[in-house]
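Fit chain B to the known structure of chain A by using the hints.
Residue numbers (the numbering used here), protein chains in the order written: chain A, 198 to 589; chain B, 198 to 589.
Please note that the accuracy of each hint is not assured.
Which copy is meant is left open, because identical chains are indistinguishable; a pair holds if it fits in one copy or across any two.
SDA-like, lysine to any residue: derived pairs with alpha carbons at most 20 angstroms apart [what the hints assert, rightly or not]:
1. Lys424 <-> Arg505
2. Lys424 <-> Asn509
3. Lys570 <-> Tyr494
4. Lys326 <-> Phe226
5. Lys247 <-> Gly214
6. Lys570 <-> Glu416
7. Lys326 <-> Glu225
8. Lys273 <-> Asp314
9. Lys424 <-> Tyr321
10. Lys326 <-> Glu312
11. Lys525 <-> Arg536
12. Lys326 <-> Glu221
13. Lys247 <-> Leu263
14. Lys424 <-> Thr557
15. Lys324 <-> Glu225
16. Lys247 <-> Gly265
17. Lys324 <-> Glu221
18. Lys273 <-> Leu246
19. Lys326 <-> Arg224
Source of the hints: derived by calculation from the structure; they are not laboratory data.
2 protein chains.
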Amino acid sequence: MFGFQYYTPTKVVFGRGAEARTAELIREFGGSKVLIHYGGGSVIRSGLLKRVTDLLEENGISYLTLGGAVPNPRLKLVYEGIELCKREGVDFLLAVGGGSAIDSAKAIGYGVTNEGDVWDFYDYRRKAKACLPLGVIVTIAATGSEMSDSSVITREEGLVKRGYSSDYGRPKFAIMDPELTMTLPDYQTACGCTDILMHTLERYFTNGGNMEMTDALAEGLLRTVIKNALILKADPMNYDARAEVMWAGSLSHNGLTGCGNDGGDWMTHKLEHELGGLFDVAHGAGLAALWGSWARYVYQNCLPRFRRFAVNVMDVPVEGTDEEIALKGIRALEDFFRRMNMPTNLRELGITATEEDLRTMAHKCAVGVGGAKGSARVLNEEDMLAIYRASR
Amino acid sequence: MFGFQYYTPTKVVFGRGAEARTAELIREFGGSKVLIHYGGGSVIRSGLLKRVTDLLEENGISYLTLGGAVPNPRLKLVYEGIELCKREGVDFLLAVGGGSAIDSAKAIGYGVTNEGDVWDFYDYRRKAKACLPLGVIVTIAATGSEMSDSSVITREEGLVKRGYSSDYGRPKFAIMDPELTMTLPDYQTACGCTDILMHTLERYFTNGGNMEMTDALAEGLLRTVIKNALILKADPMNYDARAEVMWAGSLSHNGLTGCGNDGGDWMTHKLEHELGGLFDVAHGAGLAALWGSWARYVYQNCLPRFRRFAVNVMDVPVEGTDEEIALKGIRALEDFFRRMNMPTNLRELGITATEEDLRTMAHKCAVGVGGAKGSARVLNEEDMLAIYRASR
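In isolation and in its complexed conformation, chain A is listed as follows (with noise of 0.2 angstroms):
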């Protein structure tokens, strides 16, 4: 067991009606000039941003809009709100979305606080010394983003998607009703559950450190999260299982499910990170269609954490060797997946890859983690090209 540091301020105001608290909330941490980023014309549509702007209004904050943010947001709109909030003295970043417009939000809120160019941060060249308070209305359970202190940007120039982790970024509040996850997509539903597991999942295969009461929080997270978006397939309007799946969200990337281990092993999400760059697959179905290639690659380097994972997540029966059992726990995840109409590899994801392209990410995602990374079992760029190549 490893030492932490758990920081998790985020004041979650959650359940129905919870976005009327919007303005009495900016105002408890002291913003008086807002602006608010959102992705597409959903929050128009659904009548939300209204709401919100009608209720800052109400109370006398003024505001300023921001749209078009989008899965695996650009630098250039974060360039773009960086240049608005410094010229309308903004105080106050309210993102209203999903991961998109949050992760976008926290990079503008470095950039209007911080000299220089942002990127620096998300290129692991220096350090940000602060942020501008965010605020969030989440309306898809996915990214965490609510929550931690993670945002992922995306640099058109080389299509580079990068992360960047600070406590700086981590919101002040996040405002969550699940009713307003009702109305999404049901593709997005699962790419956003998928999500979910694979923020607990990154933590829990490690080689070191681990904790029982972070596993006992993992593996209860993990089996109502699966439970869950079982129910939304079949009836998306159940408020309750919105309400469980949202919240599991939340606390799957808080840190929480990340307690006393090595810090977790992150390549599924980093080899991601590539395929998302290269072609703008969503997060969700592009973890889900690499994660089985990734699990059967490095399960017998990581064995017993695959095995606990099949028994006490999938309840795979304990009968065979523990190989076998990892590799049946590997399985009924991926039976998981489909079941959720969920793709298990590039081909079912849509993509076609050519040999040069595997290639190409391989060698972007080693250098981003800077050689050779992970826990369950390290992976140099060679091991990278041959779990793209398992995947196709």
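Chain B in isolation, oriented as in the chain A frame:
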């Protein structure tokens, strides 16, 4: 499922030697003149207090000390601390110890930053609007006060023990080094483990709003504490078991294991508060002495939860009626208490309570909760008396 707010801004620094970061953390949260508040002589004898004051001196942070916080911490010392802080211009509190020192420090913090008598808050007459910033070095895993919003103070006059909860009182940071708890007497370790279990059990046995995600975390936490408490009974110097219990202690009372439900039951705590006020018993032992009698009195009114507890936490086989399973679960937890040398009734707690004592406690408890309270079963004064009688 109900809506909820979850807010745990405390920065946790966990692991061997974590106390080395004390000065850095005090600075991070703006402290320059510190009152170090502690309990008895154990932090002096262990050398911890000296290590901490050396650190502050090396870092140019001025400080005062105030010892003497006792189990069921007293109002008189709180008043003394408030006067001292005001006189000396203290701007940061550092509690070194367990729940007694932390709760006492919270009360001092309310008293320094709010007008009027601090007891008003504990007497439910007013709400605090601020608290001095507070950091904590935890030396016993028990109350979870290091991340919680609550503190419990006893007024000497009439021996009235009351709790007050406010987000203002949540510590800014909590330093948790499991090694600091290794030298605790077995009895105190057992009392602490009982208190930890009870903070989640009070939230678990409810008749409203249960959430799968929360139940999964709660059950995982309960199993982890029970398992590791038994390890510590045989092997008190086991670092990993100390760490498991310590981290569980914080998570058990920071709100995590109650998200989505009706707020919990809390009547075992309320009944114990009167016991602790009148007889000054160790809080954890008092809870163990009362829980079985409470559980047998209420379980039929909350049968699905007691059944679930029996199966998912206490590993009771699914055989017989729900009632039989529930009763086996209650018995199993009492058996655990006995294995930990915890009392399961007042006699084993070493208390000879007269009928008049019981009536006095039941009356004070009923007044304290405003007549009647509870979720597993709503208890009035008569019910409280019946439970006290059954616990003799």
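Each hint tested on the structure:
Within a single copy, Lys424 and Arg505 get their C-alpha atoms as close as 18 angstroms, and across copies as close as 18 angstroms, so both meet the 20 angstroms cut-off. In this assembly of identical chains, the alpha carbons of Lys424 and Asn509 lie at most 20 angstroms apart whether taken from the same copy (14 angstroms) or from different copies (17 angstroms). In this assembly of identical chains, Lys570 and Tyr494 lie within 20 angstroms of each other by CA distance solely inside one copy; the values are 14 angstroms within and 56 angstroms between copies. Proximity of Lys326 and Phe226 under a CA criterion of 20 angstroms is satisfied in both settings, with 19 angstroms inside one chain copy and 15 angstroms between copies.
Within a single copy, Lys247 and Gly214 get their C-alpha atoms as close as 14 angstroms, which meets the 20 angstroms cut-off; across copies the closest is 51 angstroms, which misses it. Taking CA atoms no more than 20 angstroms apart as the test, Lys570 paired with Glu416 passes in neither setting, with 24 angstroms inside one copy and 34 angstroms between copies. Taking identical chains as interchangeable, the C-alpha atoms of Lys326 and Glu225 lie at most 20 angstroms apart only when they sit on different chains, with a minimum of 13 angstroms there against 23 angstroms within one chain. For the identical chains of this complex, Lys273 and Asp314 are intra-copy neighbours only, at 12 angstroms inside a copy versus 56 angstroms across copies, given an alpha-carbon limit of 20 angstroms.
Taking the shortest Cα distances, Lys424 and Tyr321 never come within 20 angstroms of each other, neither inside one copy (38 angstroms) nor across copies (42 angstroms). In the homo-oligomer, the alpha carbons of Lys326 and Glu312 lie at most 20 angstroms apart inside one protomer (10 angstroms), although the nearest pairing across protomers, at 36 angstroms, exceeds that limit. When the C-alpha separation of Lys525 and Arg536 is checked against a cutoff of 20 angstroms, the pair qualifies only within one copy, where the shortest distance is 16 angstroms, while the shortest distance between copies is 38 angstroms. For a Cα distance limit of 20 angstroms, the shortest separation of Lys326 from Glu221 across copies, 16 angstroms, qualifies, whereas the shortest one inside one copy, 27 angstroms, does not.
In this homomeric assembly, Lys247 and Leu263 come within 20 angstroms of each other (Cα to Cα) only inside a single copy, at 14 angstroms, whereas the closest approach across copies is 54 angstroms. Taking the shortest Cα distances, Lys424 and Thr557 never come within 20 angstroms of each other, neither inside one copy (37 angstroms) nor across copies (49 angstroms). For the homomeric pair Lys324 and Glu225, the shortest alpha-carbon distance between copies (17 angstroms) is at most 20 angstroms, but the shortest distance inside one copy (28 angstroms) is not. Only within a single protomer do Lys247 and Gly265 lie at most 20 angstroms apart by alpha-carbon distance; the minimum there is 16 angstroms, versus 57 angstroms between protomers.
Only between protomers do Lys324 and Glu221 lie at most 20 angstroms apart by alpha-carbon distance; the minimum there is 19 angstroms, versus 32 angstroms within a single protomer. With identical chains, the CA atoms of Lys273 and Leu246 are never at most 20 angstroms apart, being 23 angstroms at best within one copy and 53 angstroms at best between copies. Taking CA atoms no more than 20 angstroms apart as the test, Lys326 paired with Arg224 passes between copies only; the shortest distance there is 16 angstroms, against 23 angstroms inside one copy.
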